[in-house]
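Asks: Chain by chain, the residues:
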Amino acid sequence: MSEQLEPLKKNEISVNDVAFTQIETGDSVGLLGHLKGFWIPFSKIFKKTLTVEYPEVKAPTAERFHGRHQLNRHPDGLEKCIGCELCAWACPADAIYVEGADNTKDNQMSPGERYGKVYQINYLRCVFCGLCIEACPTRALTMTNEYELADDSRTKLIFEKEDLLAPLRQGMLMPPHPMYPDMDDSNYYKGDVTQSHPSQDVK
Amino acid sequence: MTTEVVDMITVVVDGFEVSVPKGTLVIRAAEKLGIQIPRFCDHPLLDPVGACRQCLVDIEINGRAFPKPQASCTIPVEPGMIVKTQLTSPVAEKAQRGVMELLLINHPLDCPVCDKGGECPLQNQAMSNGQGETRFEGVKRTFQKPINISSQVLLDRERCVLCARCTRFSEQIASDPFITLNERGALQQVGIYENKPFESYFSGNTVQICPVGALTGAAYRFRARPFDLVSTPSACEHCSSGCDMRTDVRRGKTLRRLAGDDPTVNEEWNCDKGRWAFKYVTSVDRLTTPLVRNASGELVAASWPEALAAAAKGLKAAKAAVLVGGRATHEDAYGYSKFARVALNTNDIDFRSRLSSDEEREFLAARVVGLSTTYMDIDRADHVLLIGFEPEEESPIVFLRLNKQVRKRALKVSAIATKLSIGVEKLKGEFVKVAPGQESAAIAAQSLTSKSVILVGERAAESAGVLSAVAALADSSNAKIAWIPRRAGERGALEAGAIGNLLPGGRPVEDAAARVDIAALWGADSLPTTVGKNTNEIFAAVNAGEIGALLVGGVDPLDSEYSQAALAALEKAFVVSLEIASSAVTQRADVVLPVAAVTEKSGSFLNWEGRARSFDAAVQDSLNRSDLRILSMIAEEMGTSVHLATVTAAIKEISSIGKWDGARASMNKVSSASLPAVSGDQFILTSWRRLLDLGTLQQGEENLAGTARKTVAVISPKRAQAMGVADGDQLKISTSLGSVTLSALVEDIHDDAVWAPRNSRGSQLLVNLGVAHGAVVTVVKA
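Here the protein sequences come in this chain order: Z and B. Residue numbers 1 to 203, in the UniProt record's numbering, belong to the letters of the first sequence in order. Residue numbers 1 to 782, in the UniProt record's numbering, belong to the letters of the second sequence in order.
Isolated chain Z (complex conformation) (with noise of 0.2 Å):
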């Protein structure tokens, strides 16, 4: 591409007329200047080593380090999400994709009417702001500390719920159920379910 340079303006001086000089090093440090440099190495050979040997050993995060997402569970095993979209809403860099749906009879993932149907993050974009946390009105989406994230295709980073899902821990039943006898949706915000009753299980 043959660009034409604009004509130089007043007070500005073309490349060419700079004059090019040697820049001037300073005096040698000596022996002892070497020994001093040295020292600083040496010296540590002594103290605690801060690094580990990854993937061998695996340090700790910090408590609150922002990992991988998780979607958690009521105490009977019903699902927190109820597909609201507010953290996607929520989200600065568009990575949460979220499709809400209806509870059926038949079909009960989460207390109440609504559920999330569809859940993806897209980790190619997710920066770990939390923000999507703060926004979450059932306290469904919390962060992990768990930080290994890499993949050889962009697909695979695209987490769906299944991925994000908390496990089922002791005393849950996999949804869809139906609700704990005699409890509503706000029982379950309030706490009054702390583990699944022998009803809900309809498998």
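Rather than coming from a laboratory, the hints here were simulated on the basis of the structure. These numbers come from a predicted model, not from an experiment. Just to be clear, a hint being listed does not mean it is correct.
Said to hold, decoys possible - Example chain Z residues on the side facing chain B (calculated, C-beta under 10 Å, incomplete): (1) GLU85; (2) LEU86; (3) GLY100; (4) ALA101; (5) ASP102; (6) LYS117.
Glycine residues also receive a C-beta, built at the ideal position from the N, C-alpha and C atoms.
Mind docking chain B on chain Z? Use the hints.
Replies: This is chain B only, laid out in the frame that chain Z set:
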């Protein structure tokens, strides 16, 4: 046109003077200055009610102030009025904050699960005019979470702020007062009658105007948030009313459609069909690739070049005709029209894939094409006469407009019909009862003035002589004629000349000057000179071996009275079908080319007024091509060119046609047929289509189908008594072809007539009986 003299009144709002017409409400005067007073119940198209009290302002007239803040949505401006809104009056501001606090006392904090979240006037105004913190510590009143007030509308009473928008809409606009406010005080709630479900054709509007999430639509429930949606202004493809719409798309899928705001056409309303019937686009049997019938007679997937070559070869090999169907856009219909003349060298083209007549074709050429009667004419009419037209079922926005005038100034509406309909009853219309096929005498007996409007439906073509009588009545009274077809594309197809006796722009085929006009525009040496065949003649010609190939776009052969002949013709001829989904035509076609649905392409419909309703593609990046593009490709393959590669090219070409200034085609008078003799258990069948029925474009929407009216067969009290039939008994209507069994309803209808819906669940007359209007059928108690 008379200009009305309007008294202007000057008032001061927040220190600014504004002049508004007498009778303007204070809230609108403030709007004119750009001052937004918060409100819930106020709606410009509904009567003021002052139910929510959110719009309180301080008002002073000639130095005398109201002792308390007043609701600005109920008080008209007066000379010398000084209004102080929340912006300048601390009293008004505090009053509004107090009202908001009261409204929020019982409003649940379930915004995360509420569909309205993100586009909610209550959320927005609580932020702008509320106080942020609640002082209420008690337990909120709760109701059972959503109750279905119809299969498509859900009511969540906890969220309701009792603005009465929905009840006022149903009563004042739709005249379907099936929804009302019950109980008193804190327990006041919106409800429906025990024995009358909310089965209104306009119920979707209540969902749209609800200022909170109390009324939600079942189809859109929990599907998306407003920020997910890409909204495109669009036009409705369901009828010829021409509603302005908004189509909301998420990731290539239409999730909802809302009524747009066009004061000259649909105001802010639309019907439930337009709002909710859009799933046909994503239906499972949607065509995705071209199909070509191979040597062993099977339809197999083919590449585009292969399919186009096969189509071109077949259309070139034999004499061909074109059937367009009434759903094509104006531009697509123009493409078919030009393709027929230029590439196929024939005038054998007809857009009327329904019961039609040559009388109708002449009527359209003489009285409709190029002319315009508008909604405004209805607004100004002294008398509206409905002939072969059932506004609520066939063009709901025309019904709303009539209803508005009936309510406002007791507009006189007369319906010449075989049966009194719910719609005409709601319009308090005069019902002129006629026997099927005997409308002409009743039409001739009408006396109209030059301010009257005659609304003629497409069913007028089903009885011989009706359109001749309409023309004669219009001539003798100078009344205006409006032809209101049912399908959205028919008027556009008429203007585009997709009919045997007309070229584009209303130019008669038989007029040499008109042919030269269009031939020059198209760069053609000459155009075919004889008037083309109509739909039934085309099918007959195929069966007689005169026509060997058919180009078919968006036609249901079972819409025709000669459906058996149509199916036989489709089997016999070489058929090229341009369709969106698998149909009776594509199954019999030799080449099937998938085309874009309305949401996937741009274009325009001409509504019954002839007004262009243009729209852009709502779903971007669809690989489906418009009919126009495919026709251009087939033409290229045939060695000719129609030069219509894009919609823009078609729009440009159409606009360059201009109006026809030559003589209009004349119309031959047709006299009406005499009433067929009936005896014993014989009746004369009459029918029309209902708004919600088994129409192709309503497929896949069960919630919508749930509010369709009950399928019944209507007979007169006298015959019912003679047959020993009461309401609810089963009646079997039969012809030599087949029968349908429906539950009986005894109503005001001609003694010789039986009415049934034409295409409803359990009552597909053209499929099962082969006839729909004016034919003798046998009715027995089943």
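Asks: Given LYS117/Z was flagged as interface, is its beta-carbon under 10 Å from a beta-carbon of chain B?
Replies: holds (8 Å)
Asks: Using 10 Å as the Cβ threshold, decide whether ALA101/Z counts as touching chain B.
Replies: holds (6 Å)
Asks: Grab the minimum C-beta distance from LEU86/Z to chain B and call the hint holds if it beats 10 Å, violated otherwise.
Replies: Since the shortest Cβ distance to chain B is 6 Å, the answer is holds.
Asks: Minimum Cβ distance from ASP102/Z to chain B below 10 Å?
Replies: Check passed: Cβ of ASP102/Z comes within 6 Å of chain B, closer than 10 Å.
Asks: Given GLU85/Z as an interface hint, is its Cβ closer than 10 Å to any Cβ of chain B?
Replies: holds (5 Å)
Asks: Can you verify the interface hint for GLY100/Z: is its Cβ closer than 10 Å to any Cβ in chain B?
Replies: Where the cut-off is 10 Å and the nearest Cβ of chain B is about 4 Å from GLY100/Z, the hint holds.
Comparing the model with each numbered hint stated earlier shows that all of them hold.
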